[in-house]
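S.K.: Given next are the chains, with one letter for each unit.
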Amino acid sequence: MINVLCFAHMKDIFGGERLAINSGGIATVKDVLEHLKSAYDADVSGIMTAVNEEFAEESTPVSQGDTVALIPPVSGG
Amino acid sequence: MINVLCFAHMKDIFGGERLAINSGGIATVKDVLEHLKSAYDADVSGIMTAVNEEFAEESTPVSQGDTVALIPPVSGG
Amino acid sequence: MEKRFFVTSEPLSVEELAAEVTRPEAGAVVQFIGTVREFTKGRRTVYLEYEAYHSMAEKQLEAIGREVKERWPDAESAVGHRTGELQISDAAVIIAVSTPHRKDAYEANEYIIERIKQIVPIWKKEHWEDGEQWVGDQLEQTRYPDGAPGGGNK
Amino acid sequence: MEKRFFVTSEPLSVEELAAEVTRPEAGAVVQFIGTVREFTKGRRTVYLEYEAYHSMAEKQLEAIGREVKERWPDAESAVGHRTGELQISDAAVIIAVSTPHRKDAYEANEYIIERIKQIVPIWKKEHWEDGEQWVGDQLEQTRYPDGAPGGGNK
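Chains as they are written, first to last, in UniProt numbering: chain S, 1 to 77; chain X, 1 to 77; chain W, 1 to 154; chain E, 1 to 154.
Because the hints were derived from the structure by calculation, they are not lab data.
Take the hints with a grain of salt, since some may be wrong.
What the hints assert, rightly or not - Below 30 Å or equal to it, Euclidean Cα-Cα: the simulated DSSO-like pairs (lysine-lysine) are:
1. Lys125(E) / Lys3(E)
2. Lys59(W) / Lys103(E)
3. Lys41(E) / Lys69(W)
Please work from the sequences and hints to get the whole structure.
M.R.: What follows is the structure in structure tokens.
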């Protein structure tokens, strides 16, 4: 499985803070986003991501057991 | 009398924080400084002054009962 | 020693953050306290809610601390960011920087708050009398015009 | 309310100064804490002694507060300056400024410390292991080369 963390309004879109998706066929962040788009009919365009707590690109590899976080524009401070 | 306040190293020069000088013949800050120079053989050139807690010029009037402060370059903060 | 870069749901203390960076080599400490403002663009905030990707946020704060060290080698810094429900005037973030000379402390401090608003995964939600909204972009270039995009709470 | 601009022989509190300026309209508080540094130009300070023309110093601090109001009408400021014997790392001055937006708070705060070093009648005396000296010019352009001019303590 791949763990997906949802923050801020992403939580509302996906109905929770944590999702687990099957890692079958998933090799990159882009694959994760494509999966979420089709499975949840969710607009995640332009969202930033982190893999295992490091900011990631769409091409960043993702494998079994990794944690992918959906990072909307931050607004701390 | 005119009260003279001495701060920082001025205290050391004049041997105390407060002096009282006779107001006879004194009309301005310049007169006060001249008096101190001759009475104490003290170098007060370039020293700033305040009369009654306001920064003053050499030409600022001084009269009976006023307080003249000798203000060396400040070093607060 | 306590963590120098932390996210917490407890109230922040200016006394503690200042103490983290105060040291014999320093002649200046500059602190920034980000407080909850009542009115933003004419709209009254009732309270704010801050959420963090806790572990990553602390890592990012530490990374900013290292950036500061590269740019101002004599600076020591500490940052605390609060999460949860914050009332008007509560401190959401406190940044403390000490340096031998003051100019650097102001500059490094301002650098840190700018970077926090760019790379630290923390989000705030405005709660007004008549609604609520996650704030999308702290640099105030954009805001989701009507609540969360793609649905979500109004 | 307590005095917003004061000179005191008691220890200063960052908590109290910050509280003086914190308010619902403000989103930012910037504090400057001037602390006693152990080494200046390679020479070790044992302690510092601060002396003030107390009544005039408070008037001058208030005047700086009015200057800030003219330049940054939305800013609120507070300043405490300590006198007497201060040990390494003790706070000699704390300046707190609050504004709706942070940029102004940094700028106004830095303005205040610059002005204090220009127009507030407060003096510091460095005490080293092998001597002592009134510091003549905080802007560090000049220093009396050998103790007080015209005599005085060495």
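S.K.: Quickly compare the C-alpha distance for Lys41(E) and Lys69(W) to 30 Å and report which way the hint goes.
M.R.: holds, 22 Å
S.K.: Against the 30 Å threshold, does the CA-CA distance of Lys59(W) and Lys103(E) hold or violate the hint?
M.R.: Roughly 26 Å between the alpha carbons, so the hint for Lys59(W) and Lys103(E) holds.
S.K.: With a cut-off of 30 Å on the C-alpha distance, tell me whether Lys125(E) and Lys3(E) pass.
M.R.: holds, 26 Å
No hint from the list above goes unmet by this structure.
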